[in-house]
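Residue numbers (UniProt numbering), protein chains in the order written: chain A, 1 to 122; chain B, 1 to 122.
Honestly, the hints are just simulated from the structure, not real lab data.
A couple of the hints might just be wrong.
As the list makes no split between identical chains, a pair holds if one copy fits it or if it spans any two.
With a straight-line cut-off of 20 Å between C-alpha atoms, the simulated EDC-like cross-links for lysine to aspartate or glutamate are [as the list claims (entries may be wrong)]:
id: 1; residue 1: 79; residue 2: 57
id: 2; residue 1: 36; residue 2: 83
id: 3; residue 1: 36; residue 2: 26
id: 4; residue 1: 79; residue 2: 103
id: 5; residue 1: 79; residue 2: 68
Predicted model, so just to flag it, every value in this text is computed and none were measured.
2 protein chains.
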Amino acid sequence: MSKQDAQVDDAALCCSPVMRAPLSAEQSTELARVFKAIGEPVRLRLLSLIASHAGGEACVCDLTGAFELSGPTISHHLKVLREAGVIEGERRGTWIYYRVRPETLRAISSVLVPADAGTVTA
Amino acid sequence: MSKQDAQVDDAALCCSPVMRAPLSAEQSTELARVFKAIGEPVRLRLLSLIASHAGGEACVCDLTGAFELSGPTISHHLKVLREAGVIEGERRGTWIYYRVRPETLRAISSVLVPADAGTVTA
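Could you build all of it, start to finish, from the sequences and the hints given here?
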């Protein structure tokens, strides 16, 4: 598994207008896919656990303790997050280490900034 | 229908930590509900159409033209957005006028800001 395995279209995400202009059907489809991936409590919690973990990365071994769920179930949710481009995984030895893809988070966050607010500072 | 009809728990949303600390199971459930609501292409597009419409509000009559969907289908999606606290509706005469609830957008947007980024400016 490489760092390049995210199947999300970064180009479509990066240039989405914020709430100042209507999204096209194509932009909506791409963005909704990411929101749907994090629109599930376990996956959203996994995302926050990975993002806030020491060094900004975590393996399944670091994550299972927080849930009363099996390893394969956790792995399934990680796969959904990975395929949506929210996280990426890198195998090192026995484990795959996951980290957040900040560019995806920034892209979907900026879409949500209301028209009367400012922008996300880098 | 009043402006107070959103069924989302604003208190739970407003104080969610960003990606710097793990979300609790309760916070994840509340936030995931909002992300799930906008994790659907038609609903996300409706949200952007409402947010960017003249005056920041739109009725179903303003929205149906953008989709090859029936009025009742559009209304169903608007109901899901309303129940998640993303938009609110106010009846004036024949129509219900919908507008975005910026406090909800700001809350879920701030959750997504990566730990290495700044915060959303007001």
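For each hint, the structure was consulted:
no.: 1; hint: 79 with 57; in the structure: within (15 Å within a copy, 38 Å between copies)
no.: 2; hint: 36 with 83; in the structure: both (12 Å within a copy, 17 Å between copies)
no.: 3; hint: 36 with 26; in the structure: both (15 Å within a copy, 18 Å between copies)
no.: 4; hint: 79 with 103; in the structure: within (18 Å within a copy, 31 Å between copies)
no.: 5; hint: 79 with 68; in the structure: within (18 Å within a copy, 33 Å between copies)
Checked against the numbered hints given earlier, this structure breaks none of them.
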